[in-house]
Every structure is written in structure tokens, then in C-alpha cells.
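Engineer: Here is what each chain is made of, one letter per residue.
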Amino acid sequence: MPQAASPPHILVVDDEPDLRTLYELTLLREGYRVEAAATLAEASQMLEQRRFDAVITDMRLPDGLGLELLQRLGAQQRPERCVVMTAYGSAENAVEALKAGAFDYLTKPVDLKQFRSVVASAIH
Amino acid sequence: MAAPSTPPSTWSHSTWTWEPPVTVIPPETPSFHRLWVGFMLARIGIAVALLLLLGALMALELAPLNLWQLGLCATYLAAVLAVRLLTRPAPPGRSFDAQWVSSIGIDLLTFSTLHFLQAAGLNYSPLFALPVLTASVLGSGLLALGTAAAVTLLLLVDAWLQGLELADHTARTVQAGLTGGGYFVVAVLANQLAVRLEREERAARRSLSAARTQAHVNEVVIDTLTDGLLVVGADWRIHAANPSARALLGWQARESPASLALVSRPGWKPLAALAQRTFHTGAAQSAEIALELAPGERVHLRVRTRLTLPQDPWSEALCVMFLQDLREAEAQLRTEKLAAMGRMSAAVAHEIRNPLAAITQANSLLAEELSNPAHQQLAALVGKNTHRLSQIVEEILNLVRVQAPSTDWLDLDQVVQAQVIDWQRHTRGSERVQLHLHSSPAWAAFDGEHLRRVLVNLLDNALRYASQAPGAIVAATDVHGGQARLHVWSDGGPLDAGVQRHLFEPFFSSESRSSGLGLYICRELCDRHGARIAYSRGGAPDGSGREGNNFTVTFRTRTTVVPGGAPFDTIRA
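Protein chains in written order, with our numbering: chain A, -10 to 113; chain B, 850 to 1422.
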């Protein structure tokens, strides 16, 4: 786990404020720096401003699908690895996400251990 | 006489409207043809009789030989034969036309000539009855009167001519007048009778044809009716049954209705009871009944009965039973209900999902902070219950998601084996499961993913109640009565009767840790593929004789591979 001067920077995109807060709390406890966005537009804005070490995005967002974010990152050749959160039981969404270049996917409700290990491996 | 459009009295209280189609009745009825032939034959008979009589009288020298007279009779015979053989039957017409000449004129001419000549000293006036009758029966009233008038005139002229020779001519004239008058009366009466007869015959023919048409229409309606129709007598004899009724009652086509009584099959008893109540009360009945046609095969019917009252002393009262298959109505209702419930609960479940995820995650974060064992226990409790809630939500969403199932033909043994092994890999304690697959080569109509859910639900259930002994759960397949079955048996204790009744209802669970939807989902999925699921308490399918709880799914089955289109599971092996 990198504990260097600059801790890894992670972007969390979810429209549910409570879930967003929970992801932040979980990740902060691991010592990461966390930025949060509620919509695709907000996320894009933040991505333009700086480089992140990983992006965690929900599948359904008010202004589009998390997949669009994935495709945009891929098109811009960005190095950020992306983890997609999908609803439990929607396996086809997960498959789509992986096809679109997601690093991994997690199903809600998220198991903390799993969440941490997936994020850690996304940061490498 | 019944007017043709008046329906028979049996229909008088029915609101079934029936107007028989108007058909053009051909002007020549068969009865006219028959009468015409009769008259023509009578003429031939009279001609033969005249010829023989005159010939005999002359041969025996009782009368002077007169070849002219014999010739006349022979000519008459030839003429009537020619008319009979060469002309087509046609009415003499309204006036004195050609038909009249050939059918009546010849007679008048011949008979009056014979009468004038007083051939062989005989009185020929009674012979005029024939042309008069011919005209009045076959022809119009005018023609009948005209012919009678002609006959009377001829008789009077003859009497006048005779009177010139004899001094006393009054008696002959009076006799001729009386005879003529008699012929007028005969002509009028015969004509009236003939007209009336013809009218009645037409009416009868028309109502017969209307009745036949209606009977045929009724037959078509009854045959194609989706409701079953059964006609039962007071002696329980079945008088009629339409194809739908036969199908509903599981009745092979080769048995004729008359050979069967309603009490002849034990499964039909509720029907017989209803028929008896109908006869007893004399009023229409309506009831929902279940018939047990074969062990485990029940048919739910809505039955309405009506009594037909005897129309006359020779007919008996009949009970008409209308059978409606409730399964179809119920299935339709269930589909609609499920669709509506599905939309609603999917919306609710979806809204619950995110808050639930937040609670779960917050709880696990909190749990990491807790050191007090009592607090940890509380957090675990929250975690367990949120897990249960999310399971319910997911099951509801899953049930709604599969709205349009596709039914495949599955190689039951292969699929069950693969799915049970798959389940064992993901489940602890699954080494207690034994497999006994004996349905090969049966193919079951189901969807592979649905079968997995049924199987997993049943196995999860079994695992919850089974003992720790090896082989406490048995998954088995077999073929019974041509139908492939899947059994999931476990050695758990017997179920309470109250629990049994509601076993397959949603959210009816005696176990606080289950979602209460498992068996309900199983039944829904089975219904979608025409399969049945049932619970029974019985011995293990492995033949060990242990008592336990058995859930049996009975599939629609084939034993041969479906022609055309590769079946679902020929690929995997």
C-alpha cells in the first residue's frame, strides 16, 4: 500500500449522496485522497482538471450510463483504471462494462473487503 | 298449421333470435309431379279398360261390332300413352292452353264422342269425373270451373240432341243438369282441397328445412364452443357431450355418450351431485367444482346447469351442463395480476435497493470500529437483516425480469446433474445431497435458467430443514405415466397441515430467515412452462424407505428429440 508523500487520488461517481459518502469514508480510511462527483458532467470536469489513480463509477447516473465515462476515458487514452458498480443480478451490465474496458466490477451492496481489494489492485 | 317463421314452443322463452333464411321454393313440388303421374296413369288405365270392355262386349256380340268406336278407344290409349311418355309434367295452366288440350281436352273429346255415340249402349257420363278432377287438382280454380262448365254443356247438348230423337227428353235433360251440377261441386271441392294441401305441404317443407338449418347451425356452434356442454338425463345417462366437454372430462373419443353414465366414474361425482341438485330443486345451479380425474390430476371447473322441462308426455326433463375450465381463466387472471404486481413491486424494489445498499455498507463500516462484543452482535444483527431484505428485493426483481419465457426441450437428467453439481460447488453442507437420475431419454419442456432457479430454491429449502446425515437430501428424476418428474427430497420433519395449504403462496413462510418467495417463484415458473409442482410426504426416491418431505415437479415431456431445431441441451454434455 503506497504510503508515500502523495497518496493515490481516487474519483468516486455516484448520484446517491449517502453511498458517495460511504465510499469516501471507506477509501479515506485506507489513506487515499478522494474526490466525488454526482453526475457524468461533473466527473468529466474533474477528469479534465487533473489525473486520478482510479475511477469508481456507478452504472446508472442521472445524465447517462457509467459506460459513457469508460468510453470517454478509453478514447482519450487516459491511464486511469475504472471500477464499475452494478446492481446485483444485472450480470449483462457487468459484462458490458468489462467489454467497454472496465478494470473490474462490483455489485451493490458492496462487500467492504472486496471493495478494498479491487480498489487496491486498480491502483497497482 | 304452423306458420313457417314461428319457432317451436321449446324456444319460446329463449332470447336466441332466429330468422330462417328465405329460400325460393321451386314452383314444381315433388307432390305435383306425383299427382300428375297418378292422373296420367289413371287415364291410361281408363283407356285400357274402355278398349277391353268395348272389345269384349263386341266379341261376345252383346253389342254390334263397330271398328270406328274401337279405333277411337285405341287412338285415345295411344294419345294418353304418348302424353305420359313424351311430355314433361306441367300444370294445365290458368287457361285452356296446350297443356290443357293434351291432359284434359283429349279426355273430353273422347268421352263426349263415346257419350254421343252411345257406344255399346253404355252411359259414359261418370267418365267425365276424370278430366274434372284433373283440372281441379292440378290446375287453377278457373280452369276447374271451366272444365266443369264444358262437361255440363256437352252433357246438355247431348241431352238436347237425344231429345230431338225421343219424345221424352225432360228426364235426360234434368239428369244431364244434375250430373253437370255435381261436377261443378266436385270441381270446387277438389280444387279447394288441392290448394290447401299444397299450401300445407309447402309450409311443412319450409319449416322442416328451417329446422334442419337451425339444427345444423346449433351443431356447429356447440362443436366449436370452448365451454364444455353436457346433456344429462335424470337416470344419469349422458345424452350429448361436445368435444370441449370430452376434453375437460378426460374422456376418450371411442366411448359413445349413451354408454356412459355420470356416476360411472368416481372422478365425476361432484358433477353428478350438481345434476341431482338441479333435478331436485328444478332450478338452474352454478358452482365451482374440482374433479379428480386421475390421482394427482385435478380439473377445476365452473359449472352452470339448466333444466329443460319435458315438452310433452313422451320426453323427459334433461339437465344441460355448461363446463368452463377455470385453469385457463385463472392462468389468465394470474398473468395479468402478476404483470400488474410486477410493475409495482419492481418499482418499489428498485427504490429500496440503494438505501439498502447504503445501510449495509454503513453498517459494515461501523462494525469495523466496534470493539465491544455486544455492539458487534448488534451490528451483525443489522447486517443479517439487511441481507435478508436485499434478498427479497432481488427475488422480486428477478421474478419480474423474466416476463417472456422461452420454453426449450431439456435433456432432464443432464441438465439436473450439471445444475446440482454447480449448486454443490457454491453451497456449504451440500455433500449431503445424493443424485438418482432415471428419466433418460425424456426431454422436459422448460427454460434452462428457470429450471436452475427452481432447483436451487428447492435445494436451498431442503438444506434448511434436512438433518446432518449423509444422503439427507435426494435429487432424483424419473418417468411416471409418460411424464418426466424431478424430485427434491429431504429427511426433514413433517409439515403442519396449515403450512401445507399455503406452502406455495408468496410471503408465507414458517421460517423467519427465508424470503418467503422461494416456493412461490418455483410455482410461478412451473406454471409458465406448463409444469406442475406439488408437495408430498413420502419415502426417499433412493428406495431406502426413509420418510421425508418431497417436492415433485412434473414436466411436459417428450421421449424423442424434437424434430427440427436442435434442442437446448444436446450441445452440453
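Read the hints as simulated data drawn from the structure, not as lab findings.
Don't take every hint at face value.
Below 16 Å or equal to it, Euclidean Cα-Cα: the simulated EDC-like pairs (lysine to aspartate or glutamate) are [said to hold, decoys possible]:
id, chain 1, residue 1, chain 2, residue 2
1, B, Lys1118, B, Glu1141
2, A, Lys102, B, Glu1217
3, B, Lys1118, B, Asp1084
4, A, Lys102, A, Glu19
5, B, Lys1186, B, Asp1376
6, B, Lys1186, B, Glu1354
7, B, Lys1233, A, Glu19
8, A, Lys102, B, Glu1218
Engineer: Straight-line Cα separation of Lys1233/B and Glu19/A no greater than 16 Å?
Structural biologist: The given pair, whose Cα atoms are some 25 Å apart, is violated under the 16 Å limit.
Engineer: Holds or violated: Lys1186/B and Glu1354/B, Cα atoms, limit 16 Å.
Structural biologist: OK: Lys1186/B and Glu1354/B at ~14 Å, within 16 Å.
Engineer: Taking only the CA atoms, is the gap from Lys1186/B to Asp1376/B under or equal to 16 Å?
Structural biologist: 14 Å, holds
Engineer: Do the alpha carbons of Lys102/A and Glu1218/B lie within 16 Å of each other, as the hint requires?
Structural biologist: 14 Å, holds
Engineer: Is the Cα-Cα distance between Lys102/A and Glu19/A 16 Å or less?
Structural biologist: 12 Å, holds
Engineer: Is Lys1118/B close enough to Glu1141/B, meaning Cα to Cα at most 16 Å?
Structural biologist: Distance ~9 Å between Lys1118/B and Glu1141/B Cα, so the pair holds.
Engineer: Within 16 Å, alpha carbon to alpha carbon, are Lys1118/B and Asp1084/B?
Structural biologist: At roughly 14 Å apart (the allowed maximum being 16 Å), Asp1084/B and Lys1118/B satisfy the hint.
Engineer: Is Lys102/A within 16 Å of Glu1217/B, Cα to Cα?
Structural biologist: Roughly 11 Å separates the two Cα atoms, so the pair holds.
Hint violations for this structure: number 7 only, all remaining hints satisfied.
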